[in-house]
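Novice: Sequence:
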Amino acid sequence: MAQISGMDRVLDEMLVQLGGVVLRLSSPQVTRTAEERHALACSVNQYSVCAARSDDPRVHQLKAELEETIKPHLRLVASR
Numbered sequence: 001m002a003q004i005s006g007m008d009r010v011l012d013e014m015l016v017q018l019g020g021v022v023l024r025l026s027s028p029q030v031t032r033t034a035e036e037r038h039a040l041a042c043s044v045n046q047y048s049v050c051a052a053r054s055d056d057p058r059v060h061q062l063k064a065e066l067e068e069t070i071k072p073h074l075r076l077v078a079s080r
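Position 66, counted from 1, in the sequence shown is what the working numbering calls 66; the numbers after and before it change by one each time, with no gaps.
There may be inaccurate statements among the hints.
What the hints assert, rightly or not - DEER-style ranges, computed between Cβ atoms: (1) ARG75 x ALA41: 17 to 23 Å; (2) ARG75 x SER27: 30 to 36 Å; (3) VAL77 x ILE4: 51 to 57 Å.
Think of the hints as simulated: they come from the structure by calculation, not from any bench. As the structure is a prediction and not an experimental result, all values here were calculated from the model. The C-beta atom is built at its ideal place from N, Cα and C for all residues, glycine as well.
Given only the sequences and the hints, what does the whole structure look like? Please build it.
Specialist: The structure is reproduced here in structure tokens:
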């Protein structure tokens, strides 16, 4: 059982590292084109699938931050 716990901790650490990388890639200076944004959305979605099974709060925090990065930004348009 200790071996499984150890593997879980290692996987959580890997998810935290991976989440940090994807978060850096989510910067508008890095992902500029529609194709890059689509690739980012795929990465965030895949990360979310993996993070759903984790018990580590850091992984879930990164998941929430990453999901925020792919939400469309709303603009207020005023008409006369």
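Novice: Hint by hint, which ones does this structure get wrong, listed from lowest number up?
Specialist: Of the numbered hints given earlier, the structure breaks just one, which is hint 2.
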